[in-house]
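Chemist: What follows is the residue order along each chain.
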Amino acid sequence: MKFNIYRYNPDTDKAPYVQTYELKDVNPEMMLLEALLTIKKMDTSLGFRKSCREGVCGSDGMNVDGVNRLACVTRLSELKDPVEIRPLPGLPVIRDLIIDMEQFYKQYRAVKPYLIGLEPEPEVERLQTPKQRELLDGLYECILCGCCSTSCPSFWWNPDKFLGPAALLQASRFIEDSRDAATVERLDQLDDAYKLYRCHTIMNCVQVCPKDLNPTKAIGRIKERMVQKKL
Amino acid sequence: MSGFSGMQAWLIQRFTAIYIAIVTVILAMIIWLEKPTNFQQWSALFSDPWMQTALSIFIVTLLFHAWIGLRDIILDYIHPIWIKMLVMTGIVLMLVASGFWFLRALLLV
Ligand code: SF4
Ligand code: SF4
Ligand code: FES
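Going down the list, the protein sequences come from chains A and B.
With the first sequence counted from 1, adding 1 to any position gets you this note's numbering.
With the second sequence counted from 1, adding 1 to any position gets you this note's numbering.
These are calculated hints, taken from the structure and not from any lab test.
None of the values given here were measured: they were computed from a predicted structure.
One thing to keep in mind: the hints can contain errors.
Among chain B residues calculated to face chain A with C-beta under 8 angstroms, some are [as the list claims (entries may be wrong)]:
1) Ser6
2) Gly7
3) Met8
4) Ala10
5) Trp11
6) Leu76
7) Asp77
8) Tyr78
Straight-line alpha carbon distances no greater than 30 angstroms define the calculated DSSO-like cross-link-like pairs of lysine-lysine that follow [said to hold, decoys possible]:
9) A:Lys230 / A:Lys162
10) A:Lys162 / A:Lys231
11) A:Lys107 / B:Lys85
12) A:Lys51 / A:Lys41
13) A:Lys212 / A:Lys81
14) A:Lys162 / B:Lys85
15) B:Lys85 / A:Lys224
16) A:Lys224 / A:Lys212
17) A:Lys107 / A:Lys231
Simulated DEER-style distance windows between Cβ atoms [stated by the list, open to error]:
18) A:Asp44 / B:Val88: 45 to 51 angstroms
19) B:Trp43 / A:Pro154: 41 to 47 angstroms
20) A:Lys212 / B:Leu71: 32 to 38 angstroms
21) A:Met204 / B:Gln9: 20 to 26 angstroms
22) A:Val228 / B:Ile74: 20 to 26 angstroms
Quick reminder that beta carbons are idealized off the backbone N, C-alpha and C, glycines included.
Next comes chain A alone, as it looks inside the complex (with noise of 0.2 angstroms):
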């Protein structure tokens, strides 16, 4: 099986380039990740990031074949032979397949993606009932892998102003949580030309999370928020 990827060493290279890999013998049920770390082993220059090998770092995201994707969890035989690597498209590159996430990790830290108590704090946990409970599911998962956001095209237009699905999946599950006493704040914080609403509902998002997770969803949920907060 052949590996075309995309290569690239600012320090030495001018321009980035395509590289060929030929892997005999592969067996069809190995992850892309096994298959990288078995070039890797022949060309120890190749850089990427990985950590879990699981799905749940979320570490290893790559374009494979034009769709952003975690090495760890795909299997080679989903894969047509070649299969064109490239890094996940919209940031910087740093070196091969690893990119500068700086720029993703901003946006998810403007959210501010932690719950933001009410004084004091209580003798007990804040307690939830089931319902409540129930509002986070399908957007706590996030792993912050960064496949959505640099999918999206408005965050590849706007990535300093539009905070991107990600960052926005991780706004909707402060809103929704009912421990949070800061949902109006957060609620009018989002309330611009950009931060949301750069969003065209194009759905690139849910294609390619790999938690299948809904940022769309979610951001449909905020913007209802919103709505039933101004009346």
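Position chain B with the ligands relative to chain A; hints supplied.
Modeler: Then chain B with the ligands, alone, in the frame of chain A:
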């Protein structure tokens, strides 16, 4: 700078779309039923006070709808602030001018 908050623009876009869709369908039906063929018939059709009211509202909603759509494209693709301002001002002037042109045409029938 863009005139509305994110939510206002989004809501206006949706409500104007509904009005535009309804009036367009009704207008098409009226024209199809009346089948005006000469100037007198057309002008009789459009001088009806109900028609004039509906169309005056229609043009205002249409212009707002157009403004929000064009504003979206500008916000997405034009980044240098002064080019953005220039293009936005040009578009607003154009939209306002076409609004007056339409209203004048409506009053003169
Ligand atoms: S929403 Fe899905 S695709 Fe986006 S960062 Fe979270 S896990 Fe990754
Ligand atoms: S639905 Fe919105 S956030 Fe998701 S890809 Fe489209 S524009 Fe981006
Ligand atoms: S290596 Fe952790 S998600 Fe793929």
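Chemist: Could you tell me which of the hints above the structure violates, numbers in ascending order?
Modeler: No hint contradicted; all consistent.
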